[in-house]
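Asks: Take a look at the letters that make up each chain.
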Amino acid sequence: AQTVTQSQPEMSVQEAETVTLSCTYDTSESDYYLFWYKQPPSRQMILVIRQEAYKQQNATENRFSVNFQKAAKSFSLKISDSQLGDAAMYFCAYRSPGRGAQKLVFGQGTRLTINP
Amino acid sequence: DSGVTQTPKHLITATGQRVTLRCSPRSGDLSVYWYQQSLDQGLQFLIQYYNGEERAKGNILERFSAQQFPDLHSELNLSSLELGDSALYFCASSRRGAGATTSGANVLTFGAGSRLTVL
Chain A
1 AQTVTQSQPE MSVQEAETVT LSCTYDTSES DYYLFWYKQP PSRQMILVIR
51 QEAYKQQNAT ENRFSVNFQK AAKSFSLKIS DSQLGDAAMY FCAYRSPGRG
101 AQKLVFGQGT RLTINP
Chain B
1 DSGVTQTPKH LITATGQRVT LRCSPRSGDL SVYWYQQSLD QGLQFLIQYY
51 NGEERAKGNI LERFSAQQFP DLHSELNLSS LELGDSALYF CASSRRGAGA
101 TTSGANVLTF GAGSRLTVL
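Residue numbers (our numbering), protein chains in the order written: chain A, 1 to 116; chain B, 1 to 119.
Some hints could be false.
What the hints assert, rightly or not - Now the in silico label distances, taken between C-beta atoms and shown as ranges:
id	chain 1	residue 1	chain 2	residue 2	range
1	B	T15	A	N58	46 to 54 Å
2	B	I12	A	A71	42 to 50 Å
3	A	D81	B	K9	46 to 54 Å
4	B	Q41	A	N58	25 to 33 Å
Stated by the list, open to error - Okay, derived cross-link-like pairs now, SDA-like style, lysine to any residue, Cα gap no bigger than 25 Å in a straight line:
id	chain 1	residue 1	chain 2	residue 2
5	B	K57	A	T5
6	B	K9	A	L47
7	B	K57	A	S28
8	B	K9	A	V48
9	A	K70	A	S30
10	A	K78	A	R95
11	A	K73	B	G42
12	B	K57	A	T3
13	A	K78	A	T60
Source of the hints: derived by calculation from the structure; they are not laboratory data.
Note that CB positions come from ideal geometry on N, CA and C, so glycine has one too.
Take these sequences, add in the hints, and give me the full structure.
Replies: In structure tokens:
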């Protein structure tokens, strides 16, 4: 079974600075999808960014980018120019592409605080 | 608004009772997933339906059951409730459920959740 580990329960960063959230995963599959979801105080789960494992290029969405290291099974999220609205719980998630279970497997989350 | 609608938003009930949580997926989405988020267990996958059929089952208790109806909405039934069942229950939907390869097809869109408090 796939597992996802986020080793940083909490992180904090000064507004306008850059922060990197770590995520590692364990799988025997060669093709899969990785995601970062954000959960602000409203509790809504919001997709931040996604990465297909077959793509070597790291995904980027505005101020959010990932560092995908397939061999190391690492998938970190970098937030540039942090804003107060970025404060939230961030969850890393793994998904298999096959015809079997399509569920997302989540890490335990990292709580990100933005200091003004 | 994510397009995934969950009702009720909040529910308070007593131990031993039964409740039903409802989810309407995004228009065009065939798969529905249920997740439980509690403080000590994180986000746990419960069950997935695809076009009316059960596709995958996670750590769902026998006291819990779900179904997806022909109009694709889904219901999660929780019975003989215990204090430990207090949690946020999320529904998510995706465009496809099997072997999807088109861009975006594997993305799960979440509803706002139903917060269940068992007293």
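Asks: Under the constraints set out in the numbered hints, which ones does this structure not fulfil?
Replies: Violated hint: only 3; rest satisfied.
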